Amino acid sequence: MTTHAANTTHGSDPHGAAAHSDEHGAAAPGAIHPHITSMRLLVSVFLALVVLTAVTVGVTWFDMGDLNIWVALGIAVVKAALVVLYFMHLRWESPFNAIAFISALAFVALFLAFVMADSSSYQHNLHPPGDNVVVTP
Amino acid sequence: MTDVAHSNAAVLAPDLAGHNHDPHLAHHFDTPDQQYQSGKLAMWVFLGTEILMFGGLFCAYAVYRHNHPEVFEFAHRYLDRTLGAVNTLVLIASSFTMAWAVRCSQLGLNKPLKILLALTFLGGVGFMGIKTIEYEAKWKHHVFVGSKNKYRNDSLKGVGKPVDSNTEFEEEGAEVEPPAENKLSAHKTAPGAEGKAEASHEAAAKRSDVGATTWGRGIVDPNAGTPDEAAIRPTYADPGGLAAGVVPGHHGEMHYADLTDAQRQHVYTFFSIYFMMTGLHGVHVLVGMALIAWIWLRARRNEFGPTFFTPVDLVGLYWHLVDLIWIFLFPLLYLIH
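Taken in order, these protein sequences are the chains called A and B.
In terms of the working numbering, the first sequence opens at residue 1 and continues consecutively.
In terms of the working numbering, the second sequence opens at residue 1001 and continues consecutively.
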């Protein structure tokens, strides 16, 4: 009989009090200590996402010129942060997981920055598509 | 000796022969927590590669939108922002039920877990259903993919307006009726042969009058013979200015007939980007739905509880990533201002 056997009693406490990490840690070394997000937090995040979706649709009625795209992206970033931090509980994850994810975002940003810089440096020299230039053979 | 071995076995692998241990603990892990953390890290790395894959498409979007903002403003009016917004809410709601399902699996609440997984799956069904309605509308409006897109077909046929740089050629007035079989010959103008080039200008102008191709304007590369020859020529100095002269108003003053062939090609590019991004996202939704169905079947067999819920957790992470990408796709594609 090992200590793991004590761990396999699923669902003995339907209200989940025993599932919280403090009580588990003492019972079984090496057992999983998950962070369990509270219902209150999940519902709040859900409502915030709904409200932000309404806001991002609503702001398109206002003409802010070049600012519109940045407002839309800003709201999207806030929504994404809520999903990542709370629904995906990255806030309570091991920092390694955050490093893996954020470095991917950083590389996408790097990729975008270089491609945009490259594109805008030659774009004004390009022919429109179908503009068949006769080239000396 | 046996004492040491026994105490190790209690904390590490319970039985090297594989008997009488946690059925979910693989042999190459010491503890359930190590296994759980490894799975999580691997999933986050995988999600990172997903971000990188979509990053390429977001990059294509950024380049084309930056260079042709008016074309994007025009083309996005074909998209139904109400359906897009409803789909955003459907995905957010299903993300919420998924996060709630993970909580239930951690607490060992199996019945609510099954219900919430089913609701999450239904969210995927709803999303794909609305997506199908949208794609069907694109088909009906002839703005679907490939040859089902009128912008692609018409720009290839050359029925659009000539681009601005060609307007003086129209004023020259072309008396010569170009024979139909000569349409392509204008492309072959010998460099430096001014007379022939002018003739081809007239022919091109005439063709644009009769709605034929506007491509072959006999433009001679001024850099011909220099190291800079071929496709680079500083004529179109206005950045993104293929549409210069046709600037759309806020309420759709730009019409299909106003577009040049070049703009039609760019409108087609918008639809290519739209279908690639939403299509790849849709494939992810379908994969996520299959995974949720699999998890639901396992939940029916009461497999998950406070000591083992990793599959629910990881499928949840995947589903949230699908939501995450849509959070960016919706404003970028549907809410262009």
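Because the hints were derived from the structure by calculation, they are not lab data.
Mixed in with the good hints there might be a few duds.
What the hints assert, rightly or not - A few chain A residues facing chain B, derived, Cβ under 7 Å:
| no. | residue |
| --- | --- |
| 1 | Ser44 |
| 2 | Val83 |
| 3 | Ala100 |
Predicted, not measured: the structure shown is a model, and the values here were computed from it.
From the three backbone atoms N, C-alpha and C, an ideal C-beta is built for every residue, glycine too.
Status of each hint after checking the structure:
no. : hint   : result
1   : Ser44  : violated (11 Å)
2   : Val83  : holds (5 Å)
3   : Ala100 : holds (5 Å)
In this structure, the one hint that does not hold is number 1.
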